[in-house]
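Chemist: Residue strings, one per chain:
Protein chains: 2
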Amino acid sequence: MFTLHHRLQADTIEIAQLSLSDALLMNDSSFPWLILVPMREGVREIHDLSVDDRAVLMDEIAVASKTVQKLFGADKINIGALGNIVPQLHVHVIGRFKTDRAWPGPVWGAGAAVPYSQEELDRTLALLRKALKEEFPF
Amino acid sequence: MFTLHHRLQADTIEIAQLSLSDALLMNDSSFPWLILVPMREGVREIHDLSVDDRAVLMDEIAVASKTVQKLFGADKINIGALGNIVPQLHVHVIGRFKTDRAWPGPVWGAGAAVPYSQEELDRTLALLRKALKEEFPF
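Quick mapping for you: the protein sequence lines, in order, are chains A and B.
Heads up: the first sequence at position 14 corresponds to 15 in the numbering used here, and the numbers run straight through without jumps.
Heads up: the second sequence at position 7 corresponds to 8 in the numbering used here, and the numbers run straight through without jumps.
Read the hints as simulated data drawn from the structure, not as lab findings.
Check before you lean on any hint, since a few could be wrong.
To be verified - Just so you have them, the derived chain B footprint on chain A, three or more residues with Cβ under 8 Å: (1) 18-25; (2) 38-52; (3) 64-70; (4) 96-106; (5) 117-123.
Unchecked claim - DEER-style ranges, computed between Cβ atoms: (6) B:30 <-> A:127: 43 to 53 Å; (7) B:135 <-> A:7: 38 to 48 Å; (8) B:135 <-> A:98: 34 to 44 Å; (9) A:86 <-> B:112: 12 to 22 Å.
Said to hold, decoys possible - Below, computed lysine-lysine pairings styled on BS3-like, alpha-carbon distance capped at 30 Å: (10) A:77 <-> B:67; (11) B:67 <-> A:67; (12) A:77 <-> B:77.
The structure displayed is predicted, hence computed values, not measured ones.
For every residue, glycine included, the Cβ atom is placed at its ideal position computed from N, Cα and C.
Generate coordinates for the entire structure from the input sequences, incorporating the hints supplied.
Modeler: See the structure below:
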């Protein structure tokens, strides 16, 4: 059984379930911002995952990172597993731009989210689903 | 050939060279803060590493994470690969405490570093070297 933390559920839209992780889109149009949540109950830290799960997570991070860079032309990818507020293990994969509102600082805690319009959301989800499907059949 | 970025060199002390990464200690006694720098020239993003290197990096992250939690009793581990300022790929592994100065925010950009005294530094390096050596013979 796997339950997504209510804070993650409230702030995101599901893109797809990959092999290990539920891939979510943060509802903040300021950044192309994915969150990967390994579908394992009760895991808080990367070192709590099995060796096999960690290897899959690394693959999923790399694919998400490459996808965000390619689709959105990001200047840099930021990857982070923090969990100070939401303890369920989740990995941020964020496309950063030299022109974005938090550059060069981290995005966490840097201002309020700007939710997507329905049209932007549909377009962004479609792009991401197509690109991830090419890498991982799901 | 592998050259450590001058900013990383200035802010850290080397703990040990692991299989893939140069493991550094951030010279900020506010947090037990390790930085892993894959010893590959010109790599900026995790997805630029080969599949084999990524697998080794994940192992090194997991060991660093577990070590920091065990040695320092951290409440949470924060892991991050940002690189907005220093583009050379480097992964932060930071022990966080509910009482630390940045909690629950990220540590990056949250106040000035508090350098170790020589005695604290020697003790911390010895602890980390001993613990990492048990996991990875180097």
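Chemist: Does each hint hold? Answer for all of them.
Modeler: Evaluated hints:
{"no.": "1", "hint": "18-25", "verdict": "violated (count 0)"}
{"no.": "2", "hint": "38-52", "verdict": "holds (count 6)"}
{"no.": "3", "hint": "64-70", "verdict": "holds (count 4)"}
{"no.": "4", "hint": "96-106", "verdict": "holds (count 4)"}
{"no.": "5", "hint": "117-123", "verdict": "violated (count 0)"}
{"no.": "6", "hint": "B:30 <-> A:127: 43 to 53 Å", "verdict": "holds, 49 Å"}
{"no.": "7", "hint": "B:135 <-> A:7: 38 to 48 Å", "verdict": "holds, 39 Å"}
{"no.": "8", "hint": "B:135 <-> A:98: 34 to 44 Å", "verdict": "holds, 42 Å"}
{"no.": "9", "hint": "A:86 <-> B:112: 12 to 22 Å", "verdict": "holds, 19 Å"}
{"no.": "10", "hint": "A:77 <-> B:67", "verdict": "holds, 28 Å"}
{"no.": "11", "hint": "B:67 <-> A:67", "verdict": "holds, 28 Å"}
{"no.": "12", "hint": "A:77 <-> B:77", "verdict": "holds, 26 Å"}
Comparing the model with each earlier hint shows violations of hints 1, 5; every other hint is respected.
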